Amino acid sequence: MTLISFLLIYFSGLPLGVLFLKGLLSKTAGISTEFWQQRSIWTSALYTLYLCLATCALTLIIGLPLAWLLSRTDLPRKTLWKTLFSIPYIIPSYIGAMAWIKLLNPTSGNLNLWLMSLFHLDHAPLNIYSLWGTAWVLGLFFYSFVFLSCHAALENIDPSLEEASLLSGASRWQTFQKITLPLISPALLQGLILVTMATAAAFGVPALLAMPKRIFVLTTKIYTLMLGYGDGMDQAITLSILLMITGIVGLGMSHLYLRKSRYTTVSGKYSHRSALPLKKLKGVTLGGLSIFWILCIGLPLATVILSSFLKIYGDPISFSNLSLQKYTYVLWTLPNTQKAFLNSFYFALLAASFALFLGLPLSYIKVRTSFKFRYGLDFLATLPFITPCSVLAIALIIFFSGLGGLNLYNTAWMLLVAYTIKYLSFATQNISSALQQISPSLEEAASLSGAKPLKVFQTILIPLLKPVLIASFFLVFIPTFGELTMSILLVGPSTETLGTLLYNLQSYDDPQSAAVLATLMVAVILTANFMVKVATQGKYGV
Amino acid sequence: MKKIVCLLVLFFLPACLSKKKNEIWIYTSIYKDMVEQMKPDVEKNFPEYKLQWFSAGSEKVGAKIQAELAANHLNADLVMTSDPFFYLELKHKGLLLAYASVNAQNVPESLKDYDHAFATLRVPVVVMAYHQSMLGPHQIPKTFKELTEPKWKGKVVMGSPLESGTTFTAVATLVEKYGWDFFKKLRENQVVPAGGNSTVRQKLEAKEFPIGIILLENILQAKSQGSPLEAIYPEDGAILVPSPIAIFKRTPYPEVCQKIVDYFFSEAGQQWMVKSFMYAANPMLPPPVGAKTFGFVLKTALPWNQSFSERTLKDHQKIKETFSKLMYD
Numbered sequence: 001m002t003l004i005s006f007l008l009i010y011f012s013g014l015p016l017g018v019l020f021l022k023g024l025l026s027k028t029a030g031i032s033t034e035f036w037q038q039r040s041i042w043t044s045a046l047y048t049l050y051l052c053l054a055t056c057a058l059t060l061i062i063g064l065p066l067a068w069l070l071s072r073t074d075l076p077r078k079t080l081w082k083t084l085f086s087i088p089y090i091i092p093s094y095i096g097a098m099a100w101i102k103l104l105n106p107t108s109g110n111l112n113l114w115l116m117s118l119f120h121l122d123h124a125p126l127n128i129y130s131l132w133g134t135a136w137v138l139g140l141f142f143y144s145f146v147f148l149s150c151h152a153a154l155e156n157i158d159p160s161l162e163e164a165s166l167l168s169g170a171s172r173w174q175t176f177q178k179i180t181l182p183l184i185s186p187a188l189l190q191g192l193i194l195v196t197m198a199t200a201a202a203f204g205v206p207a208l209l210a211m212p213k214r215i216f217v218l219t220t221k222i223y224t225l226m227l228g229y230g231d232g233m234d235q236a237i238t239l240s241i242l243l244m245i246t247g248i249v250g251l252g253m254s255h256l257y258l259r260k261s262r263y264t265t266v267s268g269k270y271s272h273r274s275a276l277p278l279k280k281l282k283g284v285t286l287g288g289l290s291i292f293w294i295l296c297i298g299l300p301l302a303t304v305i306l307s308s309f310l311k312i313y314g315d316p317i318s319f320s321n322l323s324l325q326k327y328t329y330v331l332w333t334l335p336n337t338q339k340a341f342l343n344s345f346y347f348a349l350l351a352a353s354f355a356l357f358l359g360l361p362l363s364y365i366k367v368r369t370s371f372k373f374r375y376g377l378d379f380l381a382t383l384p385f386i387t388p389c390s391v392l393a394i395a396l397i398i399f400f401s402g403l404g405g406l407n408l409y410n411t412a413w414m415l416l417v418a419y420t421i422k423y424l425s426f427a428t429q430n431i432s433s434a435l436q437q438i439s440p441s442l443e444e445a446a447s448l449s450g451a452k453p454l455k456v457f458q459t460i461l462i463p464l465l466k467p468v469l470i471a472s473f474f475l476v477f478i479p480t481f482g483e484l485t486m487s488i489l490l491v492g493p494s495t496e497t498l499g500t501l502l503y504n505l506q507s508y509d510d511p512q513s514a515a516v517l518a519t520l521m522v523a524v525i526l527t528a529n530f531m532v533k534v535a536t537q538g539k540y541g542v
Numbered sequence: 543m544k545k546i547v548c549l550l551v552l553f554f555l556p557a558c559l560s561k562k563k564n565e566i567w568i569y570t571s572i573y574k575d576m577v578e579q580m581k582p583d584v585e586k587n588f589p590e591y592k593l594q595w596f597s598a599g600s601e602k603v604g605a606k607i608q609a610e611l612a613a614n615h616l617n618a619d620l621v622m623t624s625d626p627f628f629y630l631e632l633k634h635k636g637l638l639l640a641y642a643s644v645n646a647q648n649v650p651e652s653l654k655d656y657d658h659a660f661a662t663l664r665v666p667v668v669v670m671a672y673h674q675s676m677l678g679p680h681q682i683p684k685t686f687k688e689l690t691e692p693k694w695k696g697k698v699v700m701g702s703p704l705e706s707g708t709t710f711t712a713v714a715t716l717v718e719k720y721g722w723d724f725f726k727k728l729r730e731n732q733v734v735p736a737g738g739n740s741t742v743r744q745k746l747e748a749k750e751f752p753i754g755i756i757l758l759e760n761i762l763q764a765k766s767q768g769s770p771l772e773a774i775y776p777e778d779g780a781i782l783v784p785s786p787i788a789i790f791k792r793t794p795y796p797e798v799c800q801k802i803v804d805y806f807f808s809e810a811g812q813q814w815m816v817k818s819f820m821y822a823a824n825p826m827l828p829p830p831v832g833a834k835t836f837g838f839v840l841k842t843a844l845p846w847n848q849s850f851s852e853r854t855l856k857d858h859q860k861i862k863e864t865f866s867k868l869m870y871d
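Protein sequence lines correspond, in order, to chains A and B.
So that you can map any letter, position 99 of the first sequence is 99 in the numbering used here, and since no number is skipped, the others follow by simple counting.
So that you can map any letter, position 111 of the second sequence is 653 in the numbering used here, and since no number is skipped, the others follow by simple counting.
I should point out that these hints are in silico values taken from the structure, not numbers from a laboratory.
Only a predicted model underlies this, so the values are computations on that prediction, with no experimental measurement involved.
Please note: incorrect hints may appear among the correct ones.
[Stated by the list, open to error] Derived DSSO-like pairs (lysine-lysine); straight-line CA-CA distance at most 30 Å:
no., chain 1, residue 1, chain 2, residue 2
1, A, Lys22, B, Lys860
2, B, Lys697, A, Lys339
3, A, Lys339, B, Lys563
4, A, Lys311, B, Lys697
5, B, Lys684, B, Lys791
6, B, Lys719, A, Lys213
7, A, Lys213, B, Lys726
8, B, Lys867, B, Lys693
9, A, Lys82, A, Lys280
10, B, Lys817, A, Lys213
11, B, Lys687, A, Lys213
12, B, Lys867, B, Lys684
13, B, Lys791, B, Lys633
14, A, Lys213, B, Lys695
15, A, Lys533, A, Lys282
16, B, Lys586, A, Lys339
17, B, Lys791, A, Lys22
18, B, Lys856, B, Lys867
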């Protein structure tokens with residue numbers, strides 16, 4: 001417990017604390033009333049709120065039914081569907097945004113042009129440059145949080161509870177409403193809290209889609225402030241405190257809600273679950289899922305992949321406009337591509353493991369113990385996530401170039417620390433909600449039979465938490481694999497990552513090369529996932 | 543528990559001890575590809591020293607330096623980015639080492655600091671560009687001023703000075719020249735400022751807009767990759783973005799840093815700037831491939847002078863605010 005507290009305070013609390021103090025005490029920002037009276041700051045806070053609400057609604061609409069379909073029904077090839085629906089999370093979000101710009105921009109968007117000719121319209125019916133467009137792209141990216149955590153929770157529920165309800169004459173819908181939904185509500189809530197915080201902290205997508213419409217959210221506002229000379233940095237830091245408050249409110253709400261009721265469902269008496277036969281609806285469901293997948297995931301994915309083969313970005317797809325030259329360029333002409341892939345792979349692997357090793361005991365402390373500062377620890381684990389990447393990177397540079405006793409500057413450790421603390425809350429949120437479902441009686445039984453605490457973890461908790469641990473690993477691995485904003489400021493001479501490469505391609509080269517890298521990343525992750533699945537006979541992997 | 547702590551300490555220990563000798567850090571906004579290409583040539587002149595490069599956009603380099611300063615742990619020895627005002631700020635803070643390189647004698651005086659705290663190494667220029675399949679060469683606008691005409695309503699894209707340093711320089715120069723009225727009219731013409739130069743290039747290539755305000759080097763590079771974009775040298779003057787090089791006082795190796803500056807102002811060093819599609823500050827060098835001569839650009843460009851750049855640095859916040867109010871509110 002002391003170790004965990006120490007690690008969190010040292011790696012997350014102190015660096016951010018030092019930075020925030022600096023911002024708050026600044027004469028031009030924190031303690032200046034003039035700064036807080038700017039209307040644009042409060043408008044951007046309001047837009048952040050709207051964006052969060054819209055994204056949450058969208059992720060709920062997509063994630064929950066999908067989780068239910070893939071865990072409760074006899075839909076064929078469920079694991080394939082699960083992998084297919086995890087793809088949007090693999091594509092770096094701003095590349096997804098670029099694909100949607102290509103499809104839905106009001107002047108030359110392919111989908112818009114097609115709709116216009118189909119319905120004989122004069123105007124493009126859809127405009128991706130809007131708050132809705134931003135919420136749409138973010139929602140498609142973040143529904144994985146809701147989907148994966150609900151799916152894991154559904155898999156963990158004791159089937160006898162639902163069966164009992166059905167046997168007592170309740171309909172499927174009533175059972176879902178009265179039994180299933182309340183039981184998975186901690187997972188659902190944690191998923192939505194993650195979505196809210198991720199949306200509030202998102203930068204790339206609102207920068208690409210909302211800024212052109214003159215809509216600023218907090219993160220984009222912070223970014224523009226940071227570019228100023230002189231006081232800009234202090235003002236940016238102060239403004240990130242507003243984001244931090246979002247985090248506190250979110251966490252507070254979840255604690256309040258969860259404290260009211262108990263959600264134990266996994267209690268040891270386990271029976272086999274029978275899948276709900278879809279019968280005649282099977283065709284309709286499959287058709288619906290396929291259409292949804294093609295429209296929302298297949299189409300942008302195809303856009304990314306096709307862009308990577310284009311010679312000239314804006315020209316139509318034809319044989320003369322297709323080539324492999326961008327691939328040879330990215331893979332062989334560019335120095336360091338292969339090294340960047342390896343580096344990122346190791347870093348993501350390590351960061352995801354660290355996040356699990358820290359996240360599991362942390363969740364245990366939060367859910368199972370009455371440690372006085374357990375919510376404080378949870379908050380420290382969440383704080384870095386809600387802090388904008390660039391601010392976090394600066395906090396780490398300031399603290400870990402000697403001030404805090406360690407000099408990690410320009411080493412791989414800097415990146416590892418950044419990745420781990422940034423995405424730690426993905427692990428803690430998911431694991432805590434799963435832990436909430438497991439009855440403490442199981443652990444008690446084990447310790448009564450003489451098992452030491454570590455043994456209890458090993459034999460009871462870890463096997464039960466396995467699905468959620470795998471999901472959390474995946475949730476941390478993916479964003480760190482292609483992380484961009486923090487990496488640029490933190491890389492050392494030999495620690496180049498995919499993110500910095502992506503940044504270079506994005507800012508100096510053409511969109512096609514960035515698409516090449518994105519395609520390669522999706523391919524690598526899908527292959528790795530597939531290989532892990534084959535090697536473990538389907539036990540691990542998403 | 544103790545074991546874990548020991549292990550952690552063991553892991554972190556090498557990181558703390560890794561203070562290397564003879565390391566010289568160069569922070570630059572020169573493209574990474576180009577850095578990789580010129581590295582061997584630069585390094586062979588300084589075999590005793592280990593040159594370390596950090597390359598990212600000017601804004602990122604700026605942020606990194608600011609963070610290092612806040613940590614009281616400046617790591618950079620040399621800096622070369624494309625944000626002229628940043629150097630003035632560094633100079634005012636007393637962080638730069640004055641040095642007048644003999645090799646920089648040919649560089650125009652207006653492009654050098656009075657006190658030799660920094661000197662311009664390369665000059666990127668902001669021009670207009672168009673998509674050749676959307677407009678013919680006779681339909682294109684000839685001046686920046688022309689973009690305010692109703693004819694170009696909804697057809698122009700530019701970067702945002704809040705996001706990109708070069709765009710900030712462009713806005714400051716255009717305001718100096720035409721006043722804020724120019725941007726008021728651009729707003730009426732539905733000009734949408736977003737992102738940096740790469741965003742503008744992308745929006746042009748995707749045919750979202752036929753005309754853009756963008757760095758010449760982005761267009762030259764795009765053309766070298768087969769892109770259908772073409773540059774327009776505005777008759778009312780391209781915008782200069784002088785990009786200096788400077789030595790930090792903190793460097794433990796001032797003489798070596800001065801030699802590196804000498805190298806960059808030598809013909810061998812300057813040709814790398816030309817290869818990166820920018821004008822070399824030394825007018826003796828040829829223009830980049832596919833570009834008009836530097837003399838041609840200088841004829842119409844608003845001449846650079848230090849009082850303009852002092853004023854802009856002082857007013858930068860106001861410029862950004864006025865711009866945001868005009869273009870975004």
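Against the structure, the hints come out as follows:
{"no.": "1", "hint": "Lys22(A) / Lys860(B)", "in the structure": "24 Å, holds"}
{"no.": "2", "hint": "Lys697(B) / Lys339(A)", "in the structure": "42 Å, violated"}
{"no.": "3", "hint": "Lys339(A) / Lys563(B)", "in the structure": "25 Å, holds"}
{"no.": "4", "hint": "Lys311(A) / Lys697(B)", "in the structure": "24 Å, holds"}
{"no.": "5", "hint": "Lys684(B) / Lys791(B)", "in the structure": "45 Å, violated"}
{"no.": "6", "hint": "Lys719(B) / Lys213(A)", "in the structure": "27 Å, holds"}
{"no.": "7", "hint": "Lys213(A) / Lys726(B)", "in the structure": "17 Å, holds"}
{"no.": "8", "hint": "Lys867(B) / Lys693(B)", "in the structure": "24 Å, holds"}
{"no.": "9", "hint": "Lys82(A) / Lys280(A)", "in the structure": "22 Å, holds"}
{"no.": "10", "hint": "Lys817(B) / Lys213(A)", "in the structure": "36 Å, violated"}
{"no.": "11", "hint": "Lys687(B) / Lys213(A)", "in the structure": "24 Å, holds"}
{"no.": "12", "hint": "Lys867(B) / Lys684(B)", "in the structure": "28 Å, holds"}
{"no.": "13", "hint": "Lys791(B) / Lys633(B)", "in the structure": "10 Å, holds"}
{"no.": "14", "hint": "Lys213(A) / Lys695(B)", "in the structure": "16 Å, holds"}
{"no.": "15", "hint": "Lys533(A) / Lys282(A)", "in the structure": "27 Å, holds"}
{"no.": "16", "hint": "Lys586(B) / Lys339(A)", "in the structure": "24 Å, holds"}
{"no.": "17", "hint": "Lys791(B) / Lys22(A)", "in the structure": "25 Å, holds"}
{"no.": "18", "hint": "Lys856(B) / Lys867(B)", "in the structure": "19 Å, holds"}
In the structure shown, a violation is registered for the earlier hints numbered 2, 5, 10, in ascending order.
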